[in-house]
Structure formats: structure tokens, C-alpha cells
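Visitor: If you're matching them up, the sequences are chains A and B in order.
If you count the first sequence from 1, position 328 lands on 328 in the working numbering, and the numbers rise without skipping.
If you count the second sequence from 1, position 232 lands on 232 in the working numbering, and the numbers rise without skipping.
If a hint is listed, it holds; no wrong ones were tucked in.
Some chain B residues near chain A, calculated using beta-carbon distances under 8 Å:
no., residue
1, A54
2, T77
3, D79
4, L88
5, I96
6, G98
7, V99
8, T107
9, A111
10, I112
If you are wondering where the hints come from, they were derived from the structure by calculation, not from laboratory data.
Beta carbons are placed, not taken as given, at the ideal position from N, Cα and C, and that holds for glycine.
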Amino acid sequence: MAEALNTPTLGSARAGGPPPAGSTTAGSIAVAAESTVATRMSAPPSFDVADFPVPHGREEEWRFTPLERLRGLHDGTAVATGDAVKVAVDAPEGVTVETVGREDSRLGKAGTPVDRVAAQAYSSFTRASVVTVAKEAVLTEPIRIAVHGEGGVAFGHQLIELGAFAEAVVVIDHTGDAVLAANVDYVLGDGAKLTVVSVQDWDANAVHVGQHNALIGRDASFKSIIVTFGGDLVRLHPRISYAAPGGEAELFGLYFTDKGQHQEHRLLVDHNTPHCKSNVAYKGALQGQGAHAVWIGDVLIQAAAEGTDTYEMNRNLVLTDGARVDSVPNLEIETGEIVGAGHASATGRFDDEQLFYLQSRGIPAEEARRLVVRGFFAELVQQIGLPDVEARLLDKIETELKASV
Amino acid sequence: MATLEIRDLHVSVEADNATKEILKGVDLTVRQGETHAIMGPNGSGKSTLAYSLAGHPKYTITSGTVTLDGENVLDMTVDERARAGLFLAMQYPVEIPGVSVSNFLRTSATAIRGEAPKLRTWVKEVKETMTGLQMDPAFAERNVNEGFSGGEKKRHEILQLELLKPKIAILDETDSGLDVDALRVVSEGVNRVRETGEVGTLLITHYTRILRYIKPDFVHVFAHGRIAASGGAELADKLENEGYEVYTKGGASA
Numbered sequence: 001m002a003e004a005l006n007t008p009t010l011g012s013a014r015a016g017g018p019p020p021a022g023s024t025t026a027g028s029i030a031v032a033a034e035s036t037v038a039t040r041m042s043a044p045p046s047f048d049v050a051d052f053p054v055p056h057g058r059e060e061e062w063r064f065t066p067l068e069r070l071r072g073l074h075d076g077t078a079v080a081t082g083d084a085v086k087v088a089v090d091a092p093e094g095v096t097v098e099t100v101g102r103e104d105s106r107l108g109k110a111g112t113p114v115d116r117v118a119a120q121a122y123s124s125f126t127r128a129s130v131v132t133v134a135k136e137a138v139l140t141e142p143i144r145i146a147v148h149g150e151g152g153v154a155f156g157h158q159l160i161e162l163g164a165f166a167e168a169v170v171v172i173d174h175t176g177d178a179v180l181a182a183n184v185d186y187v188l189g190d191g192a193k194l195t196v197v198s199v200q201d202w203d204a205n206a207v208h209v210g211q212h213n214a215l216i217g218r219d220a221s222f223k224s225i226i227v228t229f230g231g232d233l234v235r236l237h238p239r240i241s242y243a244a245p246g247g248e249a250e251l252f253g254l255y256f257t258d259k260g261q262h263q264e265h266r267l268l269v270d271h272n273t274p275h276c277k278s279n280v281a282y283k284g285a286l287q288g289q290g291a292h293a294v295w296i297g298d299v300l301i302q303a304a305a306e307g308t309d310t311y312e313m314n315r316n317l318v319l320t321d322g323a324r325v326d327s328v329p330n331l332e333i334e335t336g337e338i339v340g341a342g343h344a345s346a347t348g349r350f351d352d353e354q355l356f357y358l359q360s361r362g363i364p365a366e367e368a369r370r371l372v373v374r375g376f377f378a379e380l381v382q383q384i385g386l387p388d389v390e391a392r393l394l395d396k397i398e399t400e401l402k403a404s405v
Numbered sequence: 001m002a003t004l005e006i007r008d009l010h011v012s013v014e015a016d017n018a019t020k021e022i023l024k025g026v027d028l029t030v031r032q033g034e035t036h037a038i039m040g041p042n043g044s045g046k047s048t049l050a051y052s053l054a055g056h057p058k059y060t061i062t063s064g065t066v067t068l069d070g071e072n073v074l075d076m077t078v079d080e081r082a083r084a085g086l087f088l089a090m091q092y093p094v095e096i097p098g099v100s101v102s103n104f105l106r107t108s109a110t111a112i113r114g115e116a117p118k119l120r121t122w123v124k125e126v127k128e129t130m131t132g133l134q135m136d137p138a139f140a141e142r143n144v145n146e147g148f149s150g151g152e153k154k155r156h157e158i159l160q161l162e163l164l165k166p167k168i169a170i171l172d173e174t175d176s177g178l179d180v181d182a183l184r185v186v187s188e189g190v191n192r193v194r195e196t197g198e199v200g201t202l203l204i205t206h207y208t209r210i211l212r213y214i215k216p217d218f219v220h221v222f223a224h225g226r227i228a229a230s231g232g233a234e235l236a237d238k239l240e241n242e243g244y245e246v247y248t249k250g251g252a253s254a
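Using the sequences plus the hints, can you model the full thing?
Guide: Here's what the structure looks like:
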């Protein structure tokens with residue numbers, strides 16, 4: 001049964017009001033032949049930056065990104081400055097933490113760079129962090145990775161690998177100021193369970209571009225929570241593929257895009273293997289002039305991937321004029337023998353009528369706004385399943401609201 | 001005794017780059033315990049009166065005064081008016097995605113009462129009021145007005161009326177779009193509030209049907225942005241038989 005083929009929920013602006021000015025929403029379900037995902041790549045995936053032309057900005061994969069704000073990451077002019085970024089790993093027992101050189105054979109197994117900046121990162125890093133959880137080790141404490149920018153340009157690479165039936169939670173915090181291009185590989189052994197929370201809480205001038213590749217083993221489950229608050233420009237590219245049947249991926253994201261910020265999340269779930277599941281849910285709030293959020297959700301169901309069950313959703317809440325959302329869900333299906341496939345995208349705005357309604361019930365304007373934004377995110381935050389992370393995110397949302405509304 | 005006094009109220013809206021005067025000198029006094037029906041044809045300005053009193057930003061007061069117990073209502077923000085004791089049951093209440101009815105009601109009651117209601121008594125109070133309005137308890141977990149039917153929206157408005165206990169309640173076409181059963185249930189809710197004797201009610205309607213359930217003390221005919229005639233409940237019967245034509249024909253002569 002292929003739900004999406006019968007009742008495509010083409011991404012559409014939700015009823016109940018006109019979409020805000022400057023918001024675009026698109027959606028498509030392609031069947032076989034024409035692949036939108038393919039058109040999103042100017043060159044085949046490669047570890048070598050020389051295989052990618054310097055983008056000019058009109059390419060499908062770059063057209064939403066302000067190249068001039070990449071600070072040279074895209075054209076080879078950004079050169080690493082020593083110790084621009086410090087990485088500290090705090091891991092409980094049962095975890096091996098190593099710093100390795102480029103030649104380490106474990107690197108790059110989860111995926112190949114698909115754009116020039118990811119390839120630049122892979123071509124330029126000198127040392128990589130490798131965090132390994134032994135097979136069958138079940139961690140009771142999270143692994144905490146602090147990535148702190150000290151100013152300057154850095155290229156990085158991280159590998160987090162779980163042996164068969166290992167279970168771990170990883171919290172990665174990005175703070176400080178940096179121009180960083182870094183890729184992360186997640187490799188999950190059979191039956192492993194990995195939850196990763198990646199928080200982008202950068203200072204206002206930071207630039208962070210990265211590709212996150214997860215390779216999910218047989219019956220393994222991967223949960224990713226990407227939280228982007230800070231930075232001048234953040235462009236992340238989480239990509240999922242399955243090494244064997246039975247894998248599950250849950251990809252949650254939350255962003256709060258303020259005045260002048262560019263926050264871009266480009267996801268790909270490649271259902272290349274039968275009987276795997278994926279569920280994608282990203283929510284963002286925007287406020288202020290020039291706030292720009294981009295969400296690209298590509299889901300491929302390859303011909304071999306019978307029994308796939310997938311759903312992806314993106315919702316945006318525009319709090320003020322002058323903010324822009326580009327939300328593009330895209331589902332490509334090469335087999336009808338699936339359990340379910342669907343997608344949805346909606347951009348709504350916190351409008352004067354909502355404010356009036358809440359105020360007319362005695363609720364002051366500030367509190368009304370907080371109520372709406374908290375409610376919007378709460379539903380997603382509750383799915384994270386890590387109480388301390390949930391509490392911290394809700395706090396952070398409050399702070400964001402206080403800061404600039 | 002709470003009194004809402006409207007004196008020579010003139011209200012304009014901006015439309016298509018032009019200013020249009022909608023209310024052209026409204027005079028009305030509503031006291032606690034009284035029920036005033038305001039009836040009139042579409043476009044006569046009834047809803048403008050309701051939204052102007054609540055403070056909707058779309059409307060500009062060009063002259064006149066509105067006081068509640070002597071306090072200048074027009075100087076208050078929308079939420080201040082609500083906390084002062086004004087309530088507007090809206091004809092088309094807006095959806096608030098992500099905010100549950102229960103969270104909304106409690107936040108609102110906290111704002112109006114000046115302190116958070118005690119959880120145990122509050123839960124009971126909400127549940128009993130919902131039962132009175134024949135609302136499923138599951139309703140409280142839905143998002144405010146999201147996917148509500150017309151009847152559910154009106155019940156939700158009256159639920160708030162019952163819980164917030166305003167001094168002056170303005171009901172803007174609460175009867176529109178309701179079938180007879182829903183109209184009866186909603187009217188009973190309004191009557192429960194009226195029976196306390198502590199609310200002054202301004203019932204805005206196009207039809208006399210709701211007046212069979214909610215008996216007004218005064219009936220005012222609204223035409224051309226002002227009150228064209230006032231009387232007792234018998235005026236509603238006259239309107240039922242003769243329609244609004246006699247009031248709309250003459251134009252806006254002062």
C-alpha cells in the first residue's frame with residue numbers, strides 16, 4: 001500500500017490565513033525517473049574538494065544560501081587558523097575517545113560529501129575525533145562533546161561509532177565564534193541505539209556548515225535532535241542511509257531564527273534497504289527583519305526498499321514581518337510496495353488576530369506570544385525523551401523570546 | 001453596580017486607502033444585571049461596536065467616550081479591558097495552534113483573577129462548566145479553535161464567559177450558524193451567567209430566534225451606525241413581523 005501515491009499531501013500553506021509575505025512552500029512527490037535529489041547535486045559525491053566546481057549561487061543546492069556569508073568556505077579562500085575550535089569530549093566508562101589523523105581507515109564510511117563545503121571540510125581537516133562505544137555497552141550517562149569556537153577558521157571531522165547492541169546518548173554543544181566546516185559520521189552496528197542532540201548555540205557571527213551522515217545497521221535505531229539557535233549562518237545536512245533491513249531513524253529539529261540569521265537544514269533519508277522506517281519532524285520559529293530559515297526534506301524510496309514506512313513534516317511559525325521561510329519537502333518513490341509515505345509542510349504566522357484573541361481574554365501581549373511559541377515547540381520537544389535536554393530547550397526558547405520580541 | 005456607558009461613539013476603519021466612518025454616534029448604558037439586545041441588518045455596525053469596545057486595533061475611535069464604572073475604557077489596552085471586566089464572545093474566534101484549551105483557559109483565568117486558580121477546584125470548575133455546555137472532556141486537550149465546528153467554537157466562547165465571569169459580556173452573533181439544539185445549550189450557558197445578576201449583557205444578533213431563549217430587558221435597533229430605536233422585548237416582536245426596512249430606508253439622518 002502506498003498512501004502517498006493515492007493521497008499525496010503536497011506541501012501546502014495551511015488554511016486559516018494567507019501565508020506570510022516572503023514565505024515559500026513547495027512540495028513534490030516524484031515517481032521514478034525524474035529525481036529532484038539528483039538535481040540538487042552539481043557533481044557526484046566525492047571526498048575531494050577539487051571534484052566540485054565553486055558554486056555561483058544559482059545551483060539547486062545553493063540557491064537559498066547567501067554565499068557571501070560563507071566567509072570563503074565555498075571557494076577555497078577560507079584557510080584554517082590554528083586552534084580556532086576546541087573539542088572536548090566527556091565520556092562515561094565503556095567509551096573510547098581518540099584523536100586520529102586523516103589516514104584512519106574508519107573515517108568516511110557513513111557517507112560521502114555531496115557538496116563543495118562538505119568536501120572542503122573532508123579535504124582540509126588534520127585531526128578527527130573518534131568516539132567508540134563497545135558492542136553491547138549500554139551507557140547510563142550521556143557522552144558530552146563541547147565544540148567551542150575561539151574565533152578563526154576550522155575544518156573538522158567526527159566519528160561516533162556504536163558496536164552491535166550498544167546504546168548511547170550523545171549531546172554535542174556548539175558555542176563561541178568560528179567559521180567551521182565539519183562533517184560528522186554516525187555508524188550504528190546491528191541493534192544499536194543512538195540518540196544525538198546537536199545544539200547550535202553559536203555567537204552571533206559564527207558560520208557553521210556540515211554534513212551529518214548516519215549509517216544505520218540491521219534493526220538499529222537512530223534518533224537525531226538538531227537544535228539551531230545561534231550563528232550568522234548555519235547550514236546542516238543530515239543524511240541517513242541503512243546498511244541492512246529493520247533500521248529506524250527519527251530526525252527531529254528545532255530552530256529559532258532571529259533577525260538577520262540564516263539557518264538551513266537540508267535532510268536526506270535514503271531508503272535504500274527494505275523494511276526500514278523514518279520519521280522527520282522539524283519546527284522553526286522566525287522573528288525579525290532578514291531572518292531566513294530553509295528546510296529541504298528529501299526522502300528517497302529506492303526500488304529495493306519494499307516495506308518502507310516514512311513520514312516527514314516541517315512547520316514554521318513566523319512571528320514578525322520581514323522573516324522568510326523556504327520549505328521544500330520532496331518524496332521520491334520507486335516502489336509501490338511500501339507501508340506508508342507522506343509529507344507535510346506548513347508555514348503559519350502569529351498574527352494580530354491571535355494576539356487580539358488572547359489579549360481579549362486578559363492575557364498580556366508578551367505572555368500571549370510566549371504561550372503560542374511555547375505551545376508550538378512543546379509538542380516536538382516532548383518527543384525528545386531526555387528530560388534535562390527538554391527543560392534546557394524550553395528555557396532557551398523563553399530566552400530567545402525575551403531577547404528580541 | 002458595574003455600569004458601561006457609551007457616549008456619542010464614532011468609529012472609523014481604514015479600507016482601500018480611505019477612511020470610512022462606521023459608528024456615527026452611539027449612546028448606550030448597560031448596567032450589571034441587565035440584558036440588552038442589539039439587533040440590526042448586516043452592515044449596520046453591530047459588530048464594529050462589539051470589537052471597538054474590546055479594543056480591536058482595526059477600529060479607530062474618532063470621538064466619544066466609553067467608561068466602565070467611570071474608568072476610561074478607551075485608554076486601556078485590549079488585555080486591560082478584559083481584566084477590567086469586559087468580555088467579547090466572538091463570532092469568528094481565531095485558531096491558536098499549539099495552545100491547548102486547558103492551558104489557554106487557565107492562563108486566561110489567572111490573568112483575569114489576578115492569581116492562578118487552585119488546581120483542584122479549577123479542574124472541577126472547568127469540568128462542570130463543560131458538562132453544562134455538553135462538551136466532551138477531551139475537548140480540553142485540543143488546540144484552541146483548531147478544527148472546531150461552528151457549534152464547538154460558540155460553546156468554547158460561552159465556556160470562557162462562564163469561567164471568566166465578566167462584569168459586561170458582549171456576545172457578537174453567538175447564535176449565528178447554530179442549530180436549534182446547540183442554540184439551546186449555548187443560551188442556557190448565557191442564562192446561567194445572567195442569573196447570577198452580576199453581568200450586564202450586550203447581545204448582538206441579526207435574528208430574533210435567540211431571544212426566545214435569552215429574554216432581553218431592552219431591545220435596540222441598530223441602523224446606519226447608530227441606535228435607531230429602543231424599546232422593551234416587544235420591539236423584537238415588531239422586528240420579527242415587520243423586518244428592518246422601516247429603519248434602513250431613511251438613510252443616516254441624524
